[in-house]
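Residue numbers 0 to 266, in numbering that gives the first Met the number 0, belong to the letters of the sequence shown in order.
In case anyone wonders, no lab produced these hints; they're calculated from the structure. The C-beta atom is built at its ideal place from N, Cα and C for all residues, glycine as well. Misleading hints may appear alongside valid ones.
Stated by the list, open to error - Just the calculated beta-carbon pair ranges, DEER-fashion:
1) N162 <-> Y70: 37 to 47 Å
2) M58 <-> M21: 18 to 28 Å
3) K61 <-> N123: 37 to 47 Å
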Amino acid sequence: MAEVSRSGYYNYHSEKSKKNRMKKEQNDKKRFKLIKEVFEVGKKKYGAKQIKMHLKENMNLKSIRRIMSKYGLVCKIRRQDPYKQMLKADQNHRVHKNHLNRNFDQQSPYKVLLTDITYIRYNNRFAYLSTILDGSTKELVAYKVSNNLKIDFVLDTVKELDNINLPENAIIHSDQGSHYTSPKFSKEVRSRNLLQSMSRRGNCWDNAPIESFFGHMKDYIDFSECKTLKDVELKIDDYMYYYNHQRYQWKLNKLTPIEFRNQLKAA
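Produce the entire structure from the sequences given, and follow the hints as far as they go.
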């Protein structure tokens, strides 16, 4: 009984203390079961915050983290996108000023549009995904998939904006990749009265929300199951619907992007 008082020792081994510990253990097991169900739905890629937003039971973050640690639930860590180094602007193309300066959230739907391209590896091949994300609501507004890097699929992504009502003085922000410095891209942007903005060279933080979006998407989708480009497209279609309509986000008042967009419009 070294370093333990006599009263403390007997209190620990009392019937009441044993029952309390047993009750706590049973409660932990019940909570672990609920947490694990959400963890599995999220393909073992949900952290404590995502789990809390999906849980119907009122459980605080501290408890969720404690139980995840206790039972060894660890979400998978995404890998950095190596393709970014390949998207360099041509010297003959025009680099635009950074009008955004990381002011992504302007509490107005479609006021700030973030666009980017990422690669997708499948069946020993590559597909390419062009996207446009709303900086305020995090809604995925438009996207196109291609099996090559010709500029057409990027221009087609911009054309998808014709399906929404853009506010005056809306901004479209990108990196300095050759697709976005292209005169063809600038022409499509100008025809929709969008102000073109660009990140500083090599600074991923200037377009952080869309980088984060790609990371979460690749965490969630298992592209190794895909055999054809059509398989890739179907998986992306399913994810985009899930992301916009079902994926709760902590920074959106625990709402989905569509719910948060509707909330802003109603305000």
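Taking the hints in turn, this is what the structure says about them:
The hinted range of 37 to 47 Å is satisfied by N162 and Y70, whose Cβ atoms lie roughly 45 Å apart. Restraint check, M58 to M21: a C-beta distance of roughly 20 Å satisfies the suggested window 18 to 28 Å. Checked against the hint of 37 to 47 Å, the C-beta distance between K61 and N123 comes to roughly 45 Å, which is consistent with it.
Violated hints: none; the structure is consistent with every hint.
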